[in-house]
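Engineer: Could you put the whole structure together from the sequences, leaning on the hints where they help?
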Amino acid sequence: MIVITGQTATGKTKLALELAEKYNGELVNFDSRQIYKYLDIITGKDLPSTSEVKDPPAGGGKTSEVIKFKGVWLYDVVTPDQYFSSYDFVEKLKPVIEDLKKRGKTPILVGGTYLYLKHFLYGIDINNSPPNFKLREKLNTMSVVDLQKKLISLTPNVFENMNHSDQLNPRRLIRKIEIASSTSAVKDPPAGGGKTAEVNKDWPIKLFIGLRYQDKSKLRQIIIKRVEERLKNGAIDEVKNILKMGYKVSDPGLKTIGYTQIIKYLKKEFTKEKAIEDWINKEVQYAKRQLTFMKKDKNISWKDI
RNA sequence: GCCGAGAUAGCCAAGGUGGUCACGGCGGAGGUCUGAAAAACCCCAGAUGCGUGUUCGACUCACGCUCUCGGCA
Numbered sequence: 001m002i003v004i005t006g007q008t009a010t011g012k013t014k015l016a017l018e019l020a021e022k023y024n025g026e027l028v029n030f031d032s033r034q035i036y037k038y039l040d041i042i043t044g045k046d047l048p049s050t051s052e053v054k055d056p057p058a059g060g061g062k063t064s065e066v067i068k069f070k071g072v073w074l075y076d077v078v079t080p081d082q083y084f085s086s087y088d089f090v091e092k093l094k095p096v097i098e099d100l101k102k103r104g105k106t107p108i109l110v111g112g113t114y115l116y117l118k119h120f121l122y123g124i125d126i127n128n129s130p131p132n133f134k135l136r137e138k139l140n141t142m143s144v145v146d147l148q149k150k151l152i153s154l155t156p157n158v159f160e161n162m163n164h165s166d167q168l169n170p171r172r173l174i175r176k177i178e179i180a181s182s183t184s185a186v187k188d189p190p191a192g193g194g195k196t197a198e199v200n201k202d203w204p205i206k207l208f209i210g211l212r213y214q215d216k217s218k219l220r221q222i223i224i225k226r227v228e229e230r231l232k233n234g235a236i237d238e239v240k241n242i243l244k245m246g247y248k249v250s251d252p253g254l255k256t257i258g259y260t261q262i263i264k265y266l267k268k269e270f271t272k273e274k275a276i277e278d279w280i281n282k283e284v285q286y287a288k289r290q291l292t293f294m295k296k297d298k299n300i301s302w303k304d305i
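Quick note, the first sequence lines up with residues 1 to 305 if you use my numbering.
Heads up, a few of these hints could be off.
Using 20 angstroms as the maximum straight-line C-alpha spacing, the simulated SDA-like pairs for lysine to any residue come out as follows [unchecked claim]:
| no. | residue 1 | residue 2 |
| --- | --- | --- |
| 1 | Lys255 | Gln221 |
| 2 | Lys105 | Gly25 |
| 3 | Lys22 | Lys255 |
| 4 | Lys92 | Lys118 |
| 5 | Lys244 | Val78 |
| 6 | Lys264 | Lys282 |
| 7 | Lys232 | Asp278 |
| 8 | Lys288 | Gly44 |
| 9 | Lys272 | Leu231 |
Using C-beta positions, here's what the derived DEER-type ranges look like [said to hold, decoys possible]:
| no. | residue 1 | residue 2 | range |
| --- | --- | --- | --- |
| 10 | Arg103 | Glu18 | 17 to 23 angstroms |
| 11 | Lys216 | Asn140 | 33 to 39 angstroms |
| 12 | Thr141 | Thr292 | 26 to 32 angstroms |
| 13 | Glu98 | Glu229 | 35 to 41 angstroms |
| 14 | Ser250 | Tyr87 | 30 to 36 angstroms |
| 15 | Ser301 | Thr271 | 42 to 48 angstroms |
| 16 | Ile205 | Asp99 | 14 to 20 angstroms |
| 17 | Gly234 | Asn157 | 50 to 56 angstroms |
| 18 | Lys296 | Pro204 | 20 to 26 angstroms |
| 19 | Asn233 | Glu160 | 47 to 53 angstroms |
Hints are computed from structural coordinates only; laboratory data are not their basis. Backbone N, C-alpha and C define an ideal beta-carbon position, used for all residues, glycine too.
Structural biologist: As structure tokens, this is what we get:
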């Protein structure tokens, strides 16, 4: 198995395609946004036309219920209104990998969502429980202080073991409360979390590459260019169409850089200039956060570009 | 040229009888991360246009200068 991750706009897909050729591989996406259908232009799903060849012609020219294979597995697996977690991702990924194995192909995982990758490579705490949306809805209206109190009343140890940042983060608090109040909850979970399920033991990693920018101003420059390109390629129409299909700003898939800003522009909350500026800023900030997170993985061999 | 309004961090911006003044937001730096992650959150740095005066003390008051905006000419 080959894994390629790194900052956004570093040419991960391009490298992956090269390696696919060299190692008889097929690409598997682990980008949390490209998982979504209809989010194409702004998430950069477009691939060089060579890979389009792999598209199986729709059987007999009938309209396509055929799964689109755009040369990359795990594109377009859910609609923008659907919840999708790192757990779901791992579950989707396993059969794909198995299939590649059977066909003697080298899986080439490409993407920037390190959390997904992390859960696949290093496992998830088996004590965790699935999301409880009803509970979340209720908890979402509570203040941070109240959430803290609630968690402390349920499992003081869990709260104590959270770091300062997480203790003030409503999402993290909600998640902990969710786990603590699930019926199968472990009363006093150990400090470092429970056992983790090893997922990928059958798949040794041949190459684990991280792409990053050495020069931050360069990163910004490239992102500016990419945003301009995506606008030219119809980013605004893409958003309009998605809204026309009935998807809402609040849908998980549309909580995505680029979409958020364009929607604000369409709603006249932002001028076009402001929307573009914000889009670029958010993307640069995202790229930095990616690196902060990935840096901690000592298995990644970094390539500066 | 005259009248009015204003000049607070890279940008936007609040303030008060003169008392270590200096709210916020954006942007910037660094960080957190085990089922929402292109998410959510933590944290750090940085400012009173220039000069003179009044005063124990001025970002705040007075005068002058420079600049900006609006109006008159």
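Engineer: So if I understand the rule, the pair passes when the alpha-carbon distance is 20 angstroms or less; does Lys92 with Lys118 pass?
Structural biologist: Cα-Cα ~15 angstroms, so holds.
Engineer: Is the straight-line distance between the alpha-carbon of Lys232 and that of Asp278 20 angstroms or less?
Structural biologist: 17 angstroms, holds
Engineer: Check the hint pairing Lys22 with Lys255 against an upper bound of 20 angstroms on the C-alpha distance.
Structural biologist: 36 angstroms, violated
Engineer: Is the gap between the beta carbons of Gly234 and Asn157 within 50 to 56 angstroms?
Structural biologist: 52 angstroms, holds
Engineer: That 20 to 26 angstroms hint for Lys296 and Pro204 (C-beta), does it hold up?
Structural biologist: 21 angstroms, holds
Engineer: Holds or violated: the 33 to 39 angstroms window for the beta-carbon distance between Lys216 and Asn140?
Structural biologist: 35 angstroms, holds
Engineer: Given the hint that Lys244 pairs with Val78, test it: the Cα-Cα distance must not exceed 20 angstroms.
Structural biologist: 18 angstroms, holds
Engineer: So if I understand the rule, the pair passes when the alpha-carbon distance is 20 angstroms or less; does Lys255 with Gln221 pass?
Structural biologist: 24 angstroms, violated
Engineer: Determine whether the Cβ-Cβ distance between Ile205 and Asp99 falls within the hinted range of 14 to 20 angstroms.
Structural biologist: Once the Cβ atoms are compared, 19 angstroms apart, the range 14 to 20 angstroms for Asp99 and Ile205 holds.
Engineer: Lying within 17 to 23 angstroms: is that true of the beta-carbon distance Arg103 to Glu18?
Structural biologist: Distance hint for Arg103, Glu18 holds at roughly 20 angstroms.
Engineer: Decide if the proposed pair is consistent with the structure: Lys264 and Lys282, CA atoms, cutoff 20 angstroms inclusive.
Structural biologist: Holds, at roughly 14 angstroms.
Engineer: Does the Cβ pair Thr141, Thr292 satisfy 26 to 32 angstroms?
Structural biologist: 31 angstroms, holds
Checked against the numbered hints listed earlier, the structure breaks hints 1, 3, 14; every other hint is satisfied.
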